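Protein chains in written order, with the numbering used here: chain A, 58 to 422; chain B, 58 to 422.
A few of these clues could be false.
No distinction is drawn between identical chains; accordingly, a pair holds when it is met within one copy or between any pair of copies.
Said to hold, decoys possible - With a straight-line Cα cutoff of 20 Å, these simulated EDC-like cross-link-like pairs (lysine to aspartate or glutamate) come out:
no., residue 1, residue 2
1, Lys-196, Glu-331
2, Lys-196, Glu-330
3, Lys-406, Glu-62
4, Lys-217, Glu-313
5, Lys-406, Glu-239
6, Lys-372, Asp-356
7, Lys-196, Asp-364
8, Lys-311, Asp-64
9, Lys-217, Asp-175
10, Lys-383, Glu-211
11, Lys-383, Glu-249
12, Lys-196, Asp-360
13, Lys-93, Asp-356
14, Lys-406, Glu-315
15, Lys-311, Asp-136
Hints listed in this document are in silico derivations from the structure and should not be mistaken for laboratory results. Since we're looking at a predicted model, the values are computed, not measured.
2 protein chains.
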Amino acid sequence: MPLAEVDTPALIVDLDAFEGNLRRLAQALPKDGRVKLRPHAKTHKSPDIARRQMALGAVGVCCQKVAEAEALVRGGVDDILVSNQVVGPTKLRRLAALAREARLGVCVDDAGNVAALDAAAAEAAVTFRILVEIDVGAKRCGVEPGEPAARLAEAVARSKHLRFGGLQVYHGSAQHIRDFTERRTAIQRAGEMAGSTRDLIRRRGIECPIVTGAGTGSFRFEIETGVWDELQCGSYIFMDADYGRNLNADGETKAEFEHSLFVWATVMSRPNEERAVVDAGHKAYSIDSGLPTLPDFPDATLDRAADEHGRVILKRPTNALRIGDKIRLIPGHCDPTVNLHDWYVGVRKGKVEALWPIAARGALT
Amino acid sequence: MPLAEVDTPALIVDLDAFEGNLRRLAQALPKDGRVKLRPHAKTHKSPDIARRQMALGAVGVCCQKVAEAEALVRGGVDDILVSNQVVGPTKLRRLAALAREARLGVCVDDAGNVAALDAAAAEAAVTFRILVEIDVGAKRCGVEPGEPAARLAEAVARSKHLRFGGLQVYHGSAQHIRDFTERRTAIQRAGEMAGSTRDLIRRRGIECPIVTGAGTGSFRFEIETGVWDELQCGSYIFMDADYGRNLNADGETKAEFEHSLFVWATVMSRPNEERAVVDAGHKAYSIDSGLPTLPDFPDATLDRAADEHGRVILKRPTNALRIGDKIRLIPGHCDPTVNLHDWYVGVRKGKVEALWPIAARGALT
C-alpha cells in the first residue's frame, strides 16, 4: 500500500530514519562496553520496538507504569526497569506477579514504600531489584542525594525480599535546556551528586551495582562524567520537534538523530489563500512541548490546534495544500503523541511495510 | 466497590453532578420548543451518554469524525450530525455506508467537497443532509457568510443526492472569552452574520431548515439571538477547569454546571513538605487549556506536569496527601482528556455504580 493511501490522521514511522537512529545510538556508546543502553519504552510502548532495541545490544528497557511492563512482558520483553515509584497494594501485587516472568526492577524514594515492596515480594515469593531514585535537580520524585539516599539504600539492603540495584538518576528538566554548555553543566552537577552518593553507599558496606538514567537530550554528557553505567534514552528513536530545538556545541540545531515519527494528516479545508486546515488536532498529537512543525512546507506554520483541527498559516500561496492533500507533521513531543494512537504505520520509500500495535497505549496504571 | 479502591489514574464521573448537568441544560431551553438540543458527542465519545442525552429530549448528537459516528451508530444512536468537513474517498465511502443505518448530516465549506459528497451518495444510493459551515470569527473552517455561503448552498441544492439542511455556525474561539459582555457581543455578531446569510439563501428560493451550533460557554447568547434552532453544547455534562474560568454577568466565576469529570490520582512521592507528586500526567489529562486543578485541596496547586507525573506544590503542610492517598483532579479541558481513557468509572456517593466504555476513544479518522 502506498503511503498516499493511508487514511488520516495516522502515526507514521519512517523506517529508514528509525533504524538509522537505533544504530546511531548503539554506536555512540563507549567501545569498552562500560556503559550499557536500557532504552525507555515509555516513548514507544511497543514490544516490537523494544525487541529491535535489544537486538542491537540494549540490556533491557525501562518503563514508567506497571501496565506498560505487563504489555512489554506479554510481547516477549524479559528485562524491565520500572524507572518510577509504584504505590498501592493492587499495583504491588501486579508487579510481584510480573517478577515471576521477567527480570524486574523498580525505583523507590520512600522508606514506607520500601517496606510495602518487601511485603509484596514476600507474599509472592519473589525478589525485587530496587533502585533508589535521587533528585538531582528536576525537583519531581526522588530522595535527596547523600545521606538521605544512603539511609534508603540501607533500608533496601536490610529488606529480606529486596535487592539493592543501585541509583536511578534522571535529570528530566535538563534534557531541554537549549544551550549546550548549560545543559552539560546541569548533567555534570547531577553526576557529582550521583557519584558522591554512590561512594557514600559503598562506604557503608553496601554494593551499588549501577547508576542508571540519562535521556536523548543529554546522554553524551552522562557518558562523559563516567558516573552512569546505563542510559535510558527514549526519544532518540523518533526525535520530536522539541528535541530538535536543542543547540549543539556550535550553537546550531543540528540534531544527531533524524525525525522518524510523523502524524499523517489531510488538508480538510482551505478557506482562503493564507489558511489551510488539517484534520489532526489535540487528539492526534500532544502540544505540551509546542505545536507540530511541517517539514515539507517551510513557508507554512501550524499556528493553532483544536481538538480535531490544526490551522496552518501560509506565508505565500502554494499549489500544494489543496483539499485532500496529505502532509506530514512532526509532533512537538513524541511520548504523549504516541499514546494517542493504536498503531504505528511503518513506511519505507513511500510504501507501508509494517503495522506495529502500540501495545501499551493507555497503559496508565 | 468503593471509589477508594479504584486504582489510578482513572477517569471518574460523579453521577449526581453529571445527571444534574444533563437536566439543567434540558431545562434551560426555551419552553416553546423552538430551540432543540443536539449535544456534541466529541466530548464524551460514548453511546451510553448519548442515549441519556436523547432520553432527556436531545434530537440527536453531533460528532467530528466518521469513526466517532461509526462508534455511536454501533451503540444505538440513530441521528448524528458530523459537524465537520469529511474529505477523501475512503471516509466518504464509510460515511455513505453509515447513512443507510442512521439519519446522517455532514458539513461542507467547499464546492469540490460538495461534488465528492454527491458522487459518494450516488454510488451508495443514499442521500446526505448537508449543512454549509460559515466562519463567524473562529477563523478555522467555514466559508465566508453571505454571498459565498449562498453560492455553496445553491451548489448543494442543485446536487441530486444531497439535501440542503441549513447552516453550521459555531464560534469556537468565543466559548472561552472570559468577559461576559465580550463573549455575548461575539455571539451577537455571529448571529447577525448567520441570520443575514440564512435570509439571503431563502431569497434565492432555497429552504434553510435550521441554523445549528453554539457551545457550553455561550449557548444562552445563541438562544437570545433567536437565530439558532439547534444547540451543540458538549462540555456542559462534565465542565472542565477552563470553562469554570468564564465570568458571568456579575463578573464572577459561578458556573451554571457542576464539575462532574475527574481524574483520580494517587500521591506516589512526597519528597518534602512543600511537594507531592501524583501518578497522573500528560497521558492521563490534556493540558492544552491549562493544568488540572485540585478541588479538594485549596492550598495545593498542580504546577507542573510530565508524561506520567503531576507535581503538586503545597502552600502549607498537610496531613493529607501522604503517599498512597488518592485525590481528584479537574482536567483543564474535558474532550482531549476523555480521549486518553478507555472507561468512565461512574461513581455515586463514594461507590462505583457504572462502567461505560469510551467507545470512540482514538476514533481519529
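These are the hints, each one checked on the structure:
| no. | hint | in the structure |
| --- | --- | --- |
| 1 | Lys-196 <-> Glu-331 | between (43 Å within a copy, 11 Å between copies) |
| 2 | Lys-196 <-> Glu-330 | between (47 Å within a copy, 13 Å between copies) |
| 3 | Lys-406 <-> Glu-62 | within (14 Å within a copy, 50 Å between copies) |
| 4 | Lys-217 <-> Glu-313 | neither (45 Å within a copy, 56 Å between copies) |
| 5 | Lys-406 <-> Glu-239 | neither (39 Å within a copy, 52 Å between copies) |
| 6 | Lys-372 <-> Asp-356 | within (5 Å within a copy, 46 Å between copies) |
| 7 | Lys-196 <-> Asp-364 | between (31 Å within a copy, 15 Å between copies) |
| 8 | Lys-311 <-> Asp-64 | neither (32 Å within a copy, 43 Å between copies) |
| 9 | Lys-217 <-> Asp-175 | within (7 Å within a copy, 72 Å between copies) |
| 10 | Lys-383 <-> Glu-211 | neither (57 Å within a copy, 29 Å between copies) |
| 11 | Lys-383 <-> Glu-249 | neither (49 Å within a copy, 36 Å between copies) |
| 12 | Lys-196 <-> Asp-360 | between (32 Å within a copy, 12 Å between copies) |
| 13 | Lys-93 <-> Asp-356 | neither (42 Å within a copy, 44 Å between copies) |
| 14 | Lys-406 <-> Glu-315 | within (16 Å within a copy, 52 Å between copies) |
| 15 | Lys-311 <-> Asp-136 | neither (33 Å within a copy, 52 Å between copies) |
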